[in-house]
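Undergrad: Residue numbers (our numbering), protein chains in the order written: chain A, 34 to 343; chain B, -5 to 208.
Note that these hints are calculated values from the structure, not bench results. Since the model is a prediction, treat every value here as computed from it, not as a measurement. Do not take every clue at face value.
Said to hold, decoys possible - Every beta carbon over 12 Å from chain A, so not counted as near; a handful from chain B, in silico:
#1 Val1
#2 Lys9
#3 Pro52
#4 Arg54
#5 Gly91
#6 Asp107
#7 Lys131
#8 Pro158
#9 Leu163
#10 Pro166
#11 Pro180
#12 Thr203
Claimed, not checked - Across the chosen pairs, the derived CB separations fall in these ranges:
#13 A/Gly148 <-> B/Ile14: 23 to 33 Å
#14 B/Ile14 <-> A/Ser56: 20 to 30 Å
#15 A/Pro67 <-> B/Asp66: 56 to 66 Å
#16 A/Leu137 <-> B/Thr80: 37 to 47 Å
#17 B/Ala184 <-> A/Lys234: 23 to 33 Å
#18 B/Asp66 <-> A/Arg177: 35 to 45 Å
#19 B/Lys125 <-> A/Gln76: 27 to 37 Å
#20 B/Gln104 <-> A/Tyr230: 23 to 33 Å
#21 B/Lys125 <-> A/Gly170: 51 to 61 Å
#22 B/Ser119 <-> A/Leu51: 34 to 44 Å
#23 A/Gly50 <-> B/Thr80: 28 to 38 Å
#24 B/Ile74 <-> A/Lys234: 57 to 67 Å
#25 A/Phe105 <-> B/Gly22: 44 to 54 Å
We put the beta carbon where it would ideally sit given N, CA and C, even for glycine.
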Amino acid sequence: MFDLPAHSAYAMAAVLGLLVIASFIRLVLRKRNPDKDYTELRQRIQSWWWMVGVLFVVLAANKNLAIAFFGFLSFLALKEFLSILSVRQADRRAVFWAYVAIPLQYYWVSIGWYGMFIVFVPVFVFLFLPMRMVLIGETKGFIRSAGTLHWAVMLTVFSISHIAYLLTLPVKNLDAGALGLVLFILFMTQFNDVCQYVWGKMLGRHKIIPKVSPNKTWEGFIGGVGTITLCAGFAAPLLTPLTFNQGLGAGLLIGIGGFIGDVVISSVKRDLQIKDTGTLIPGHGGILDRIDSLLYTAPLFFHYLYYVAY
Amino acid sequence: MQRLAKVVFFGLLVKPLVLIVLGLNVRGRERLPRRGPAVIAANHNSHLDVLVLMSLFPLRQLHRVRPVAAADYFLRNPLISWFSRTCISIIPIDRSGHAEQDALFSDCQQALDQNAILIIFPEGSRGDPEKIGKIRKGIFYLLKERLDTPIVPVVMHGLGRALPRGEALLVPFNCDVVVGEPLPRPESAAQLTRQLGEAFTAQLEQCVTRQEVD
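Just chain B, with the same shape it has in the complex (with noise of 0.2 Å):
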């Protein structure tokens, strides 16, 4: 049943909402995790954000693709709630900081086991329009007993213009998402940052909506 949901919600509605008002210059689709376990580690402007990443993937693998996102906000009340799970299958995760780490991690970790591939936003948050945020270092203690597992950096660009933070009004532009190489195995929270960020760098390089907006 969710998964039918969450087949017909971008089959009819988001891919071609994407397709067709956004557009899309996708580079190094290729290099997208075709199974799981695996983590796509993208940077976040935009709620667009994660509906653009989702449809790129086919919509019989689609099941697979579960985005991490924040607690108190998608499950603020029943119906976004109710959305959130249904259509989009979020992992929720509590950004007060108040949980044990393992606790924290518990939905995730299963989700791994079963093959899942989930989308991670390592800002935290969708910050500035188009600008990358502090990464933090989630990601690392997340995976920290499965170090193995390949972290995909995907860069997306211009998605800040077509529906910033704090606007309703979607306006049309195309945007950019480059898909990175996995990156090498991390030996610590530190440096899968530091790989992330250079990741992330060369990767806006590739954007041809890189003009700065201000």
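Next comes chain A alone, as it looks inside the complex (with noise of 0.2 Å):
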């Protein structure tokens, strides 16, 4: 049915198997202790299937409806990163012009134009939206507006239409094709944050950041980044033109970039006092709580592979 190169069907089909094991644990689990209450294993495992099957599905289906995913995926996390902002009424206007960016910015990714995918959210979209304010002509608090503002459609829309630039580059991997590259993105920064969290319930002892995000060791960092760069050494002659060393590299970069993204997020929250930027994903939150790590991981991977493989 879908025309799906090797290496990435393979990944595809672990990634699914992944998925039946944890749902067969959660199974077992219930089976074990029926008395304890497992609804949110269960929501954030169902949500997983969710996620990951419209994933694989706009993915396999054609290029450009998985490039048009990743600008609604933007969307999505635009619309509630400024939700929870702190944006005047009279910014309404501005926040409209912002939403504008993201079609265009897509747009750029599907035609493959570079120059202007790399620059339009950086220059063009940075200029425009505070004179689109100064002509709305509120000054009063006028700084912060037009730096969250901004702030947001960088990490929201720049950061993320990465990922779907990665399909518009030439296939150097003919086993896996366009899709390796994004697969292979997804998943490191994915595991990595699963991994972080293992390694530090395991063995987490000496906080590294308790005013931010308590729950955050040493022991869980040094673990899930030493074992991302490993796998992702593995990974990466599979999926990706990196050889194993160039993907240790690429998974140094993800385990260490996904962190720092958890934890930028997670200041924002802890700022403005909420847990959960959202309801949107049952057992996950929002859309953010979901791509804070990717959020850095998609630009930093894209341009290491970019200046390394192209």
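Starting from two chains that each stand alone, build the complex the way the hints lay out.
TA: Quick look at the structure:
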């Protein structure tokens, strides 16, 4: 039905296999401890099935559909971000233009116009939005509004569009196709979250930034980064044009970047005194809670790859 | 016919709009009344309020949900009047203050007799964006012969940014909907407005979009 490159198809099958195992473990847990409440675990795993299912279908179906999908993800993330930030009533029209930037940015991606893709948000949107705000004319709180609005667009639109651009790059690993790059960055980033959590639970003792995120420890961080570096080294030659050694470098970048993305969004939430950024994904919270690490790993991995292999 | 129009309007237009363009953070959805007679008392900042509230109900229950809305506004011309009555099935109410109380509430009473779930905005008007205005006493006088009717307080926040009063451009923002516990049976109008005010304040605390806007 779908004409998938072999390595990408294996990677997808492996992810589905992991989900099957996770669902199976949950059923065993429920059987062993019938009194314990596993609602959140159930919701988390169910949501994973949905996210992975939708993602795989659009990725397998068609390149432009996949690019549009990441554009929609940007839209949901930007909307969620602006909704929790303090945006002035006077900024509504500037915010409207920030949304208009999304289809444009993803259009540049779809036609493979690299120069425009890379300057559009940091230059043109950056210059345009404050101008629109000036025309509205409310100066009280102007600096904060201009800053938060641009920051939100950079994180949710510019960063995330890097995942989509991976689909447009010329294919250098024919066994994996363009898909391989996207699967690599998404899987490594999410697996990094899991590894840092698991290492932290097992060995965690020394807190790393107690003021922002009391559960994060050096042990979790180092264990996670080490695991991902190794995994990325082995997976990179299969899914990307990178060699084993270059893959280690990518893994290191993803491990560290993922951690930073996570704690940046944690700081935002702590500042606003909220626990989750939304309730869109049952068991996970909002969309930003899920993609926080990707906000950092996507552009970092992209530019590393672009420098090393293109 | 009216029931069908309402289902089509909400199923094809309102629900997708509310889910995708707006996006809701709903807390306490399970506390929404499943059958009438019941009253939902909600704060009011935007025309979207009523659409959001109604979109929380499954399509097959929608015909029971009837917003009580200002006659002077929603019946002001034949087109708006037709739309309000057919697609939203409002119960118009006279805000001029000239009507007798019994006559004023007769349509609402009739709907409650038929197990409707009424949506009432006790502030009486949309007011300033994202501010809760003075809570009026109408709900008590409406229910004074049937004070056992459950009154469920609902707070919405964020819609005043998406579509505030006097603006035509809808800008997407997520909004919070917090459904509270039904209020205890009120003994007086003053008690009811106080209970509602306290419930609104407590529920507002649970909104993630509550950052001050000005």
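Undergrad: Take the hints in turn and mark each one as holding or not.
TA: So, going through the hints one by one against the coordinates:
With 12 Å as the threshold on Cβ separation, the claim that B/Val1 sits away from chain A holds: the shortest Cβ distance comes to roughly 25 Å. Once the 12 Å rule is applied to beta carbons, B/Lys9 is consistent with being away from chain A; the minimum gap is 15 Å. Even its closest Cβ contact with chain A, about 18 Å, leaves B/Pro52 beyond 12 Å, as expected for a residue assigned away from the interface. At roughly 23 Å, the least C-beta separation between B/Arg54 and chain A is larger than 12 Å, which holds for a residue marked as non-interface.
Separation of B/Gly91 from chain A is adequate, the least Cβ-Cβ distance of about 31 Å exceeding the 12 Å criterion. Residue placement check: B/Asp107 keeps its beta carbon more than 12 Å from all beta carbons of chain A (closest about 36 Å). Distance to chain A confirms B/Lys131 as a non-interface residue, since its nearest Cβ pair spans about 30 Å, more than 12 Å. A cut-off of 12 Å between C-beta atoms contradicts the statement that B/Pro158 is not in contact with chain A; the least separation is 7 Å.
Look at B/Leu163: its CB is around 6 Å from the nearest CB on chain A, not clear of 12 Å, so calling it non-interface is violated. Consistency note on B/Pro166: stated as away from chain A, yet its beta-carbon is not over 12 Å from all of that chain's, at 5 Å minimum. Under the 12 Å C-beta cut-off, the non-interface status given to B/Pro180 relative to chain A holds; the minimum distance is some 31 Å. For B/Thr203, the requirement that its beta carbon stay farther than 12 Å from each beta carbon of chain A is not met, with the minimum near 5 Å.
Taking the beta carbon of each, A/Gly148 and B/Ile14 are about 32 Å apart, inside 23 to 33 Å as hinted. The hinted window of 20 to 30 Å between B/Ile14 and A/Ser56 holds, with their beta carbons roughly 28 Å apart. In this structure the hint that A/Pro67 and B/Asp66 lie 56 to 66 Å apart at CB holds, the actual value being about 59 Å. The given range of 37 to 47 Å is respected by A/Leu137 and B/Thr80, whose C-beta atoms sit roughly 39 Å from each other.
Checked against the hint of 23 to 33 Å, the pair B/Ala184 and A/Lys234 fails, with Cβ atoms roughly 53 Å apart. Roughly 40 Å separates the CB atoms of B/Asp66 and A/Arg177, a value that falls within the hinted 35 to 45 Å. At roughly 35 Å, the beta-carbon separation of B/Lys125 and A/Gln76 lies within the given 27 to 37 Å, and the hint holds. Separated by about 57 Å at the C-beta atoms, B/Gln104 and A/Tyr230 break the suggested range of 23 to 33 Å.
Distance hint check: the CB atoms of B/Lys125 and A/Gly170 are about 22 Å apart, inconsistent with the given range 51 to 61 Å. The supplied range of 34 to 44 Å is broken by B/Ser119 and A/Leu51, whose beta-carbon atoms lie about 54 Å from each other. Between A/Gly50 and B/Thr80 the beta carbon distance is about 52 Å. The supplied range of 28 to 38 Å is therefore violated. As the Cβ distance of B/Ile74 to A/Lys234 is approximately 59 Å, the hint placing it in 57 to 67 Å holds.
For the pair A/Phe105 and B/Gly22, the beta carbons lie near 28 Å from each other, so the given range of 44 to 54 Å is not met.
Of the numbered hints stated above, those contradicted by the structure are hints 8, 9, 10, 12, 17, 20, 21, 22, 23 and 25, listed in ascending order.
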